[in-house]
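> One letter stands for each residue in the lines below.
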Amino acid sequence: MITIAPALLLFGALLLVPLVLTLVLSFHVFSDSQGTLATYTLSNYLRVVTDPYYGAILARTAGLAFAVTALCIVLGVPETIVLARMKRPWQSVCLLVVLGPLLISVVVRTLGWQILLGNNGVLNNALQALHLTSEPIRLVFTMTGVVIALTHVLVPFMVMSVWATLQKLDPQVEWAGLSLGGSPLRVFRRVVLPQILPGVLSGSIIVFALSASAFATPALIGGRRLKVVATAAYDEFLGTLNWPLGATIAVLLLIANVAIVMGCSRLAERRFKHIFD
Amino acid sequence: MTFLTLKGISKRYGDFAAIEQIDLDVERGEFLSLLGPSGCGKTTTLQMVAGFVTPSTGTIMLDGRDITHERPEKRGMGVVFQSYALFPHMTVDGNVGFGLEMRNMKRAARAERVAEALELVRLSGLGGRYPKELSGGQRQRVAIARALAMRPELLLLDEPMSNLDAKLREEMHIELRAIQKRLGITTILVTHDQVEAMTISDRIAVMHRGTIAQLSTPFEAYERPETPFASTFLGKTNLLPGAVIRRNGRCAEVDVAGTTLKVPHEGRPAQGDVNVYIRPEKVRLAGADARATGCITTRVFVGNQWLLQVDTGLGRLSVAQPNFGAPPPEEGEHVGLVWSDDDLRMLAKETGDGHA
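Going down the list, the sequences are from chains L and R. At position 277 of the first sequence (counting the first as 1) the number is 277 in the numbering used here, and the numbers step up by one without a gap. Take any residue in the second sequence, count from 1 to its spot, add 1000: that is its number in the numbering used here.
The shape of chain R in the complex, shown without the other chains (with noise of 0.2 angstroms):
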């Protein structure tokens, strides 16, 4: 049974809508990412969920319940907010025990449950200091304890992470990932970060322009995207105009700038103008066997892998080589292309507005 349905939820200000017609199920459990670029609507779904802004049109159901206009200190929801939102003049253990004290919690039950909520987030021993002296980190951790301790059955994290440097919310999704686990609550988290998307999700919303673009695992998503925008905004692809000349039982064959390449077109309709997209990790230099061959413009190091750009009679490609230990040849130098088939995928092309 799913825990939270949005259905036909829609947020317009004027005549701007922030939201259209959006339908969501979240399982209970489930760890659902929002997932889009800045204006695509995701926090404004998240405020909905809980209960700050009202829905223009459409209901939500929590548990079986109509939530949609009920008052957010009615709906018992964890929150952690961007700006972590704590309460400047409480010490920790009075920001974390804040819930509790507004549910009259006697003052030794709730002593119990902020220590235990502390020490979920390993800050044990901070609860008497104040939130100016914590580090962003810690802060974040105090707002996550803030949550947890009033034992809510829905999680709502708005870009939690997005204060912290990169090495703490590496860490910070790998902690989040094994809490929610534990406690089996049901968590929305709405970011712009596709990698801490898909590294913390059970499933990913990709959001654009108010809609949902896509709804699927992270894998599925990332493999399989079913909308241009999705397509683009999660990883970094390769994009090749064509126009389909013939389709078969499980691939359709596509002119892409005077080469024919064969696509699996899984069942959907392929006709007329189209875009070819292959991953630049899919992508890989090759000798005899080549299905291209071009020049290298731009090789850059990074680390784990090389970044290539090749200039290609397809168009230029952008290949990602794994770190093998050899350097791949130098700029200038001409290689051979390979890929395979099965790595092409294929969507109509774009319309005007963007949307699929």
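So that you can see chain L by itself, here it is in the shape it has in the complex (with noise of 0.2 angstroms):
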């Protein structure tokens, strides 16, 4: 007890603290003119369920989690497999290109791709050069530009992911599966997908629960008007001071993360219980 008081007490101050408060602070009365209320209320979170604005908002950031972590399989599997079958030199070098968007500031990254992605950035000038279109596609300010900015971010915790369970992965097995007859495309379907499935669910938890909370790329690719849930907390603390409803919609955030990451997990356990030790 007395070894571990030191993480408890760092653990405790760090993030039950804070979590606490601001769950204290979620249900307390906001006035206008007064600011916030020593008294309690319920009213923050029926505003929030009921009101068709924050519904949008919270519909708008559950659809961006669910597309950035479909676009992460979709790139992110297929990526890990063709890292894993490299050789040598080649391998260490792909692996870092893919895990380098974490280890560039957020902010730098972002701008990177307001250059790229902007009405008169480096893709609409090829493309009008091109004569693709006549006018530039817009981007910047859309669901399209912040989806495509949080993938390439959160690409490389699907890599990882898959990857750990890649390296796993008896290599014999692949050649069981062609020894029986299976084609390269068959035996990679049957035998090699189902046994990476863990890897890339987990993967997708990760991906999943750092979009929907996900702030900086929103914030500066989406705008200020195409809200998502932490901008629209952000915007109710700094931006109309009310503390009480920013509180309230971090809250409900967290609710939601943890109700959809522990579903997902509960599953996943259950349905490969039986296979993997």
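Incorrect hints may have been included.
Claimed, not checked - Some chain L residues near chain R, calculated using beta-carbon distances under 10 angstroms:
#1 Pro171
#2 Gln172
#3 Trp175
#4 Leu178
#5 Val187
#6 Pro194
#7 Ile275
What the hints assert, rightly or not - DEER-style ranges, computed between Cβ atoms:
#8 Glu1119(R) / Ser92(L): 48 to 54 angstroms
#9 Arg1071(R) / Gln91(L): 22 to 28 angstroms
#10 Ala1108(R) / Arg270(L): 29 to 35 angstroms
FYI, nobody ran anything at the bench for these hints, they're computed from the structure. For each residue, glycine too, the CB sits at the ideal point set by N, CA and C.
Assembly of the complex is requested from the two constituent chains, each provided in isolation within its own frame, with the hints serving as guidance.
What follows is the structure in structure tokens.
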């Protein structure tokens, strides 16, 4: 007990106390003239749940998280498989390239996307030069732009997760599939893919949770009007100074995230219980 | 007619030659073992037969057809891997039926064949289990059943027993041999366990540094090793360095540490420096007719026999005496030793690189 006490204190001070304070804050009454009052109410929650304005923000956030997760699966899984099959020097180089986005500051990276995706950006200039479009495609301040930029930074988490399961895969299993007459494609689909599913699932959970609570990328690429839950909470705190409402939004995001992540983990545990150690 | 032929097979990885110019013929229905220490190239050879590794030179013929560059999934060979390589996400039935599924066999026919294969390895009733829920021995049986369910003409076994405990391994040797004989399936086994190779095979190919050091029946390989490596790798032996003095019709006179031994040369050229070999079990304790005397330095009881080390004028000799009931003399006592000249073997001294 004594030996774990410092860690417990640190954990409590850094995580539990702010969380509990946020939870308490979310039940406070807010008045436009006097600010946060010492009385308690459930009206903040009622407002967020019933007001279609917040409903739209919640729906947008969910859509963003699902889209980014799906894209990360579609891009990250084949990417990892190709990476795993590469020869030595190239493998390390490419792995570094893939993990690169994690090494760059979120602001720099996002501004980079602005340069690339903007109306006068590299992409639109190239499309117009090639006469593929007559006017710029709007990407900045759209959901498409946000999804692209978020996918870019979150794919590494999928890659790392799938990479870990691929490393555990018995290389002879693939040979076994071939020797039993399966074509490489069929062996991949029936033997390799099912065995890396747990990695895909845990990668998806990480990507989903991070994109649902992402702040910087939606704020910079999505702009002020295309709000997601995290930016909405930020605006309540610092824009309208309605701290209780901001806290309510934050608490709801946390609950939704925990529920979805736990649900997926539980499902995975039950599904893979027989199979993996 | 030979069923499988390896002709001039080599495999190089950069400058390293894993296999150097192997020629091997396997008869239909034969059980052949590739025996050797780790790194001798036995697994690489098997992988080339299976098609997982492409040879650098040479051809592989299966039943008159050149399969050197054929894809592994087209070869229709049954392979049992050292790790068993079972599919963890499929049940035993799913594993055993996988090959049949790949051949697009109908579900009902498939179930029948799977049940048949499981019965063959005595695993009936466990079809619904996952590999994780089986013991090591059961997993190995599933791997064998999976390979056999396809009714392959050639069965390749890559050290399948190395993860089993000793007792189970002995049982599996007998059982595997029985299954192989019943099905008449041509089988190649890769192993580093000489007892396993001798118990189970029709012929043994002793491999050493990417070449075949000896190819013969287990008895021949043990009794008449053709290379220094084969004589020391297969079983225990006493090695006595000597020099040929004279060569007669049937035997050569060899000087070993001042004593002259008569060694049968079996028509092989014999001159200069040689090594004389004699198996520990061919040396017996003797009284008046002793051919050498010495002092017992160690005495070990292993149940069915006693293992003695005796320091003699010829050098230190290992002697294996069957357990007749009475213990042999104690350590430190002097004993006489006797052997028959016919049991001596002689090979030219190993050259620097160890090749015969």
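> Go ahead and decide if the range 48 to 54 angstroms is satisfied by the Cβ distance of Glu1119(R) to Ser92(L).
holds, 50 angstroms
> Could one say that the CB atoms of Ala1108(R) and Arg270(L) fall in the range 29 to 35 angstroms?
Roughly 31 angstroms apart at Cβ, these two residues keep to the hinted range, so it holds.
> Does 22 to 28 angstroms hold as the CB distance between Arg1071(R) and Gln91(L), or does it fail?
Since Arg1071(R) and Gln91(L) have Cβ atoms about 25 angstroms apart, the given range 22 to 28 angstroms holds.
> Does Val187(L) meet its interface restraint, that is, does its C-beta lie within less than 10 angstroms of any C-beta in chain R?
Because about 8 angstroms separates Val187(L) from the closest Cβ in chain R, which is inside the 10 angstroms limit, the hint holds.
> Can we keep the Trp175(L) interface hint, with Cβ of chain R closer than 10 angstroms?
This hint holds: Trp175(L) lies near chain R, its Cβ roughly 5 angstroms from the closest one there, short of 10 angstroms.
> For the restraint on Gln172(L), tell me whether the closest CB of chain R is nearer than 10 angstroms.
holds, 4 angstroms
> Given Leu178(L) as an interface hint, is its Cβ closer than 10 angstroms to any Cβ of chain R?
Interface hint status for Leu178(L): holds (4 angstroms vs cutoff 10 angstroms).
> Hey, does the Pro194(L) contact hint survive, CB to chain R under 10 angstroms?
Holds, about 4 angstroms.
> For the hint on Pro171(L), does the least C-beta distance to chain R fall short of 10 angstroms?
Holds. Min distance 9 angstroms.
> Under the criterion of a CB-CB separation shorter than 10 angstroms, is Ile275(L) in contact with chain R as hinted?
holds, 5 angstroms
Checked against the numbered hints listed earlier, the structure breaks none of them; every hint is satisfied.
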